Amino acid sequence: MNKHLRLNLSSSNTVYQSRRRLPALISFIVAVLCITSIAFAAIPDEYKNQYLHVASNTGPFGNDLSVRTSLLGFNDASHVINGNPNSAATLGLGGLLGAWIEVEYDDVFPAGTEVSFITSAGLLNVSLFGGLELTTYNGNTQVSQKSGRSLLGISLLGGKDKIGLVSEGAFNRVRLTVNGVNLSVLTSILGAGATVSVYYAEVMVPKAGVFNPNECNAEVRINQTDFPAVANYTSPALLDGIANADAVNLINSMSNVANVVSSDVDDYASLSPLNVTVLGDTYLSVKLLAGTIPNNTYAGFEISNTIGLLSNLNLLGGITIQAYNNGTLVQEEGSFNLLSGTVIGAETERHTVGMLVTNGEYNELRLKFGNAVLSALATLGETRIYGVVVKQFCPPSGSLNGTVILANGHPSTNGMGITVNSRNAGLANIALVGNESIGATMGKLIDNLFDNFVKISSLLGAQLANGATLSAATPGYTFNQPAKLAGFIIKRSNPLLDLVLMKGVKIKTYNNGQLQEEASVDNNLLKLNVLNLINIGDFPPDAEAVYMTTSLPFNEIRMEVDDLAGVGDELQVFAAFANADEPPALPVTFGDVHATLENNNLFIKWATLKETNNAEFIVEASTDGKNWTQIGKLNTKANGGNSDITLEYTFTKGLGGLVLGGFGIMALLSMPFFRNRFIRGGLLVAFLILVGVSCSKNKDYISNPDVSDLYIRIAQVDKNGDVTYSKVVKVIKK
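Just so we're aligned, residue 3 is where the sequence shown starts under my numbering, counting upward by one.
Among the hints, a few may not be true.
[Claimed, not checked] Here are the simulated EDC-like cross-link-like pairs (lysine to aspartate or glutamate), alpha carbons at most 20 Å apart as the crow flies: (1) K510 to D453; (2) K505 to E562; (3) K529 to E519; (4) K457 to D540.
If you are wondering where the hints come from, they were derived from the structure by calculation, not from laboratory data. These figures come from a predicted structure and were not determined experimentally.
Can you make the complete structure from the sequences, with help from the hints?
Written as C-alpha cells, this is what we have:
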C-alpha cells in the first residue's frame, strides 16, 4: 500500500466511529480494497519494454532503493545503485566461500519482469557458473529462484556478463548469491588479482498486452519500443564442460546482443571469427515477456554475412530456427527447410532465415548455429544478426473466383498473403543463380513476375539429395470447397516427355501443416494440361499446368519431385494456382471483428462490408470456443436490411461479477429487518469478505495471463430466421 493510501486510511477514523455514515465507510473501504489489490504504480508505461538501470535518481527511480550485502561479503556495495555503470561492488576475500548482495525497491515490480545483475566477465565459465544463484522476494517471501544453467542472460554487454531470470511473481527485492569461487579458475580467466565484481541491477518491465501487428502482409520487427522483447545468447556446449579457453572465446565471439531488439533497423549483434574448434552449438534468442505470436505466421532472423553464409549449402545445413512457447519447443526447421528471402528495402546481402510456424502460438524464437558454422567462423568472417521479423498473412479482401495465382500482388488473390513453406532436404537440388541464397531463389515462386521461375535441376551432382520440394501457402485463407483444382505452372526442358514418365512428381495439399490429399501418376490423380484449357494465361505459351482435383480443405499446395530423371535436365516452376469458385454470397459479409476486456468491461466491435435481407446480430461468448452463450443483441443499421457500404457496430458489456452483486447487499442493509445490530454486523462482515474476494478475482482475471480464455462470435439473423456466424475471436485483456 503506498503512502497516500495509508494517509487516507488514517484520516477515516472519524467516519469509522459514526454509525450514521456506515454506508459511506463501506464504499470507501471497497474502493481502497480494489485499488490496493490491483495497483502496481512502480514503473510508468513510458519506462516499460526497455532495459532500466536500477540506480537512485535514474529513470523512474528516486531515492527508493537500498543495497545490502552479507557479512564479509561485497566491498563498496553502494556502488551498485550509484548510477555509474563502471563502478562496482567487489567480492572480498572473506566472501570467496559464499556471499550475497541484494537491491531492494520501496515499491514492487510486476510478475513477468526480467531482472539481472551485470557482473565482471568470466562468471559464466562452466567452473564458476554453477555456483551462482538469483532470487527474487516480495518482502520476506521468496518469489522465484534460479541457479546454474537455468539462469538467463549468458550474453555480454561491453565486456561484462549479464545474469538474470524472469520473475514468476511480483517482487521488490533481488539477490545474487555466490556459492563459493574457485580462485584459480577466476585468475586463469581474468588474470592475477581478479575478483568478482557486481556493477548494477537491470530490469525490463513488460507492458500488458499481446502481439498484435497493425497490418497483415507486412513485416513486423520485434523490438523493445513496441513489444516486451528480451534477447539472450547461450551455448549448451558451454555448460556441458568444453575447454575453458574454448568457452571464453565462444562467449566473447558474440557482441552487442541487445541490439537485436533495438528499434533501429540497422543495429545488429555480431558473431565474430572464432579460432578454436567448438563441439556442440550455440544460439541467440528473442523472447516476449508478455503475449504470444499467433500460429500460421512466418518468423525469422534477419542476418547478413560477407562471405555468403546463406548461399553455401554446407553452412546452411548448420543453421536451425526454433519456436518455443514458455520453454516448450513448438516447431523447428533446419538445413534446407529454412526460408531465406531478400529483405524488402534492404541491401541484397541482408536476408531473413526463418520458417512458417504451423504447430501453435509461440513467444520465443531461437537462431541456432551448429558445429559446421562455428568451426567455419575463422574463415567465414563476421555474421550480423539484425533482429526477428514476423509476418501475418492477409485473407482476401473479397470473394475468390475462377483461377487464383498464388503470387503476392496478383489481382486474382484480392490482397491475400502468400508465403513459401519448405520441409524437405531435397531443396539441395534447387539451382542457385550466381550468389543468390536458396530463399531468394525460392522467392521467385510467389512473386508477381511471370518470367521468374525456380529451377529444379538434375545436373547439380550426385553428392546432393536426389529430390526437391516447392510449396506455396496461404496462412490467412483456406480453400474449403470441394472439386477444386490445385497445382503448379511448369515448363519442362523436354516437352515431349508425357505424364507417364513424370513418375517422380507428386502434388499434395495441406491444411495448417497436416497432409490432406496426394496426387501422382501411380494413383492416376495427377493431371497435365496446357494453360489455355484451364484459363490461367500470362505465363510463357509453352508452359503447362500439373495439378489435381481436391475434395478437402487446404491452405498449402506442395510439389515434390522424388526422381529428377523423370523431368529431364531441369524443371522450371513459375507459380502455384488453385481454382476457387465461391458459393453464392452470404447474407452478410463480415469485416474485422475485435473484442477487448478493459477495467472489467467487454468491448466488442465489428464491421460488415455488405448486408442482404439482414434483421439483427446476436453477440455470443464462450470460455472454450465450443459452447456459446448469448450476451446481447443489436439491430442492423442497414436500411431495410440491405447495404452495399461498410457499416460499423459496437457492443459493450460490464462484467462486474461479485462486486456488482455486493451492491444488492448494500440495499439490504437499509431494510427494517436488518436493523438488528447482530444480523446487520454479520451481513456486513460477509459483504466485506465478498468484496475482497471479488477484488482479488478481478485483479487476477485482468492481469494474469494464465486465466481461462474468453471467445466472442457474432451471429447474423436474416429476416427469414436463418443464421450465419462471423469468425471466432479471442478476447484481448488490457
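Structure-based check of all given hints:
| no. | hint | in the structure |
| --- | --- | --- |
| 1 | K510 to D453 | violated (24 Å) |
| 2 | K505 to E562 | holds (11 Å) |
| 3 | K529 to E519 | holds (14 Å) |
| 4 | K457 to D540 | holds (19 Å) |
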